[in-house]
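J.: Chains Y and A supply the protein sequences, listed in that same order. The numbering used here applies: residue 38 is where the first sequence begins, and numbers increase by one. The numbering used here applies: residue 2 is where the second sequence begins, and numbers increase by one.
These are computed hints drawn from the structure, not numbers from a lab. Nothing here was measured: the structure is a model prediction, and the numbers come from that model. A hint or two may mislead.
Here are the simulated lysine to any residue pairs, SDA-like style, with alpha carbons at most 20 Å apart [as the list claims (entries may be wrong)]:
hint: 1; chain 1: A; residue 1: Lys-152; chain 2: Y; residue 2: Pro-144
hint: 2; chain 1: A; residue 1: Lys-129; chain 2: Y; residue 2: Leu-136
hint: 3; chain 1: A; residue 1: Lys-152; chain 2: A; residue 2: His-190
hint: 4; chain 1: A; residue 1: Lys-129; chain 2: Y; residue 2: Lys-276
hint: 5; chain 1: A; residue 1: Lys-129; chain 2: Y; residue 2: Tyr-47
hint: 6; chain 1: A; residue 1: Lys-135; chain 2: Y; residue 2: Ile-220
hint: 7; chain 1: A; residue 1: Lys-129; chain 2: Y; residue 2: Arg-56
hint: 8; chain 1: A; residue 1: Lys-135; chain 2: Y; residue 2: Leu-53
hint: 9; chain 1: A; residue 1: Lys-152; chain 2: A; residue 2: Ser-71
hint: 10; chain 1: A; residue 1: Lys-129; chain 2: Y; residue 2: Ser-52
hint: 11; chain 1: A; residue 1: Lys-135; chain 2: A; residue 2: Lys-152
hint: 12; chain 1: A; residue 1: Lys-129; chain 2: Y; residue 2: Gly-135
hint: 13; chain 1: A; residue 1: Lys-235; chain 2: A; residue 2: Thr-267
hint: 14; chain 1: A; residue 1: Lys-135; chain 2: Y; residue 2: Glu-133
hint: 15; chain 1: A; residue 1: Lys-129; chain 2: Y; residue 2: Gln-50
hint: 16; chain 1: A; residue 1: Lys-129; chain 2: A; residue 2: Glu-95
hint: 17; chain 1: Y; residue 1: Lys-276; chain 2: Y; residue 2: Asp-321
hint: 18; chain 1: A; residue 1: Lys-135; chain 2: A; residue 2: His-190
hint: 19; chain 1: A; residue 1: Lys-129; chain 2: Y; residue 2: Arg-46
hint: 20; chain 1: A; residue 1: Lys-129; chain 2: Y; residue 2: Ile-140
hint: 21; chain 1: A; residue 1: Lys-152; chain 2: Y; residue 2: Tyr-47
hint: 22; chain 1: A; residue 1: Lys-152; chain 2: A; residue 2: Gln-32
hint: 23; chain 1: A; residue 1: Lys-129; chain 2: Y; residue 2: Pro-144
hint: 24; chain 1: A; residue 1: Lys-129; chain 2: Y; residue 2: Ile-49
hint: 25; chain 1: Y; residue 1: Lys-276; chain 2: Y; residue 2: Leu-136
hint: 26; chain 1: A; residue 1: Lys-129; chain 2: Y; residue 2: Arg-54
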Amino acid sequence: MNGVVTIARYAIQESLRRRVFVVVLILSVGFLALFAWGTSAAFDEVQQHLDVGESPFHASETAGGILLGLAMFAILFLGSVLAVFLTLGAVRGDAERGLLQPILVRPISRMSVLAGRFLAAAAVCGAYVVVMFYAASAITRWAGDWWPDRIIVPALGMAGAVAIIAALSVLGSVYLSGTANGIAVFMLFGAGLVGGLLGQIGDALPSARLERAGTITSWGLPFEALYQNSLYDITADAKGIDRVIVKLGPFGGAHAGGPGLWLWSLAYLVIVGAIASWAFSRRDL
Amino acid sequence: MPPALSATGLEKRYGSVHALRGVDIEVGEGQLVGLLGPNGAGKSTLVKIACGLVRPTGGHAQVLGHPAGSLAARSGLGYLPELFRYPDWANGDEVLHLHQRLSGSRGGSAERRELLELVGLADVGDRKVEEMSKGMQQRLGLAQALIGEPKLLLLDEPTSALDPAGRIAVRALLEELRRRGIAVLLNSHLLSEVELVCDHVVIIAKGATVASGTPADLARQSGVEIETAAGVRKFAQATRDDVPRIVAELVAAGEQIYDVTVVRSTLEEVYLEAIAGSQP
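Just need the whole structure built from these sequences, with the hints factored in.
T.: And the structure:
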């Protein structure tokens, strides 16, 4: 355990020294400022032109859900970028640079090195997406007096999604060099999002085949299902026409995951970790 | 007391490349063993197997009585890789601190200070690695390898980036390690370095041991040369013990003797002879 903590601390210390977090902070503040400006303008437009008192359609409610959904997509992307860049060279990249060998000669298991790198990335990226989710939610509250229907589960879902991305990146780093691994994980990220979108379209049409494609993607890449679940939860109480409109958009979750999703996500992390650990134990350095 | 390092029949294949073909080696407690061989001979592979970085295809290796690569084996060794790289964002003291934590050393700042002083970096412990010269980084690597008072040190080309003064300092360091009873496997291309400090030398070529022995054994006698009035006469098979008899016979035959030399091969000559045929 001491080895895991030491490696995690070392990874975070490296990011701090390389000013990764300063860059992330500046870009995130920029994103939030843009989001606040856009959200404020959107709510103004909606409240002036679309909100009709007695209508069953609540434009501000719908706009809030869609705008926060958009922010969540951007936050997931930024969190995933961070997760990938913190881990893409964890094994092969560091070994090629000669940084890993002196560490592995110390009396710590290879699994500890992987666990330390994963935990550091998952903790940092998880905290990042949670903070960003609450910041974006606060902006929708400020700009349009709209607050998500659920606030804890969506944040946890986003944190879980980036943790899965980090785990896939650590696994990829055992086999691939840094650049190849980064490309591979981002392609998986894109494939997951496209699969989820197909599932949403299939649900709206409805098309059983597209829905099945979405379901398979969710099982194979559960970060996407966690993200969808988070999207669903922010408008969980929306009904009638509001629900239909939110579901139709790309930033409205079509499906709630249910408890099975969380169990599968945990199992998925364990399986990915076990494969990475097995592959790393057999690797000559 | 088990040897610091023992390997028998060590084999390693990388695909179709046979890097090691049944190498035997032993480094006794407190012994300084030099490992020589041309590029691609398998020296670094042998060292990496001892460290647990590479898995052997065949044979066995033990470190301090434990299987090479096991946690118990790694608890007692220090390693300086041939490609030495340390995090460029950290300073020397932080690199040593990281390795103290990983090795479970309780030496604290006193150990770090002592090691930095031992390798001549006492004044630059707070300097970032990226601001250090290659030679300084290699000396930092030596200090890192000594964290936690290892019983076996595996040094892979420890003077490759050092200037002549740095090499002399490392030789002095190796003498100091011997005095402290630390066993060392020194993988080096510098024959003079190995000849000067090692108790035992192993020469490998094409993944196999081609010569082994003490530097004195390897630098064996190769005849006697006697300078007479008629010129230098060579007795290729003669040894030092034959000198009185040969001289007596020559004097009896009316020769005048001016000089007698017992010829010895240098380690360089032994090395070149041993690896002959393994070079492309």
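J.: Each of the hints needs a verdict: does it hold here or not?
T.: Checked hints:
| no. | hint | verdict |
| --- | --- | --- |
| 1 | A:Lys-152 <-> Y:Pro-144 | 14 Å, holds |
| 2 | A:Lys-129 <-> Y:Leu-136 | 15 Å, holds |
| 3 | A:Lys-152 <-> A:His-190 | 24 Å, violated |
| 4 | A:Lys-129 <-> Y:Lys-276 | 60 Å, violated |
| 5 | A:Lys-129 <-> Y:Tyr-47 | 15 Å, holds |
| 6 | A:Lys-135 <-> Y:Ile-220 | 33 Å, violated |
| 7 | A:Lys-129 <-> Y:Arg-56 | 15 Å, holds |
| 8 | A:Lys-135 <-> Y:Leu-53 | 25 Å, violated |
| 9 | A:Lys-152 <-> A:Ser-71 | 15 Å, holds |
| 10 | A:Lys-129 <-> Y:Ser-52 | 16 Å, holds |
| 11 | A:Lys-135 <-> A:Lys-152 | 27 Å, violated |
| 12 | A:Lys-129 <-> Y:Gly-135 | 17 Å, holds |
| 13 | A:Lys-235 <-> A:Thr-267 | 18 Å, holds |
| 14 | A:Lys-135 <-> Y:Glu-133 | 18 Å, holds |
| 15 | A:Lys-129 <-> Y:Gln-50 | 14 Å, holds |
| 16 | A:Lys-129 <-> A:Glu-95 | 9 Å, holds |
| 17 | Y:Lys-276 <-> Y:Asp-321 | 57 Å, violated |
| 18 | A:Lys-135 <-> A:His-190 | 18 Å, holds |
| 19 | A:Lys-129 <-> Y:Arg-46 | 18 Å, holds |
| 20 | A:Lys-129 <-> Y:Ile-140 | 19 Å, holds |
| 21 | A:Lys-152 <-> Y:Tyr-47 | 26 Å, violated |
| 22 | A:Lys-152 <-> A:Gln-32 | 10 Å, holds |
| 23 | A:Lys-129 <-> Y:Pro-144 | 26 Å, violated |
| 24 | A:Lys-129 <-> Y:Ile-49 | 18 Å, holds |
| 25 | Y:Lys-276 <-> Y:Leu-136 | 55 Å, violated |
| 26 | A:Lys-129 <-> Y:Arg-54 | 11 Å, holds |
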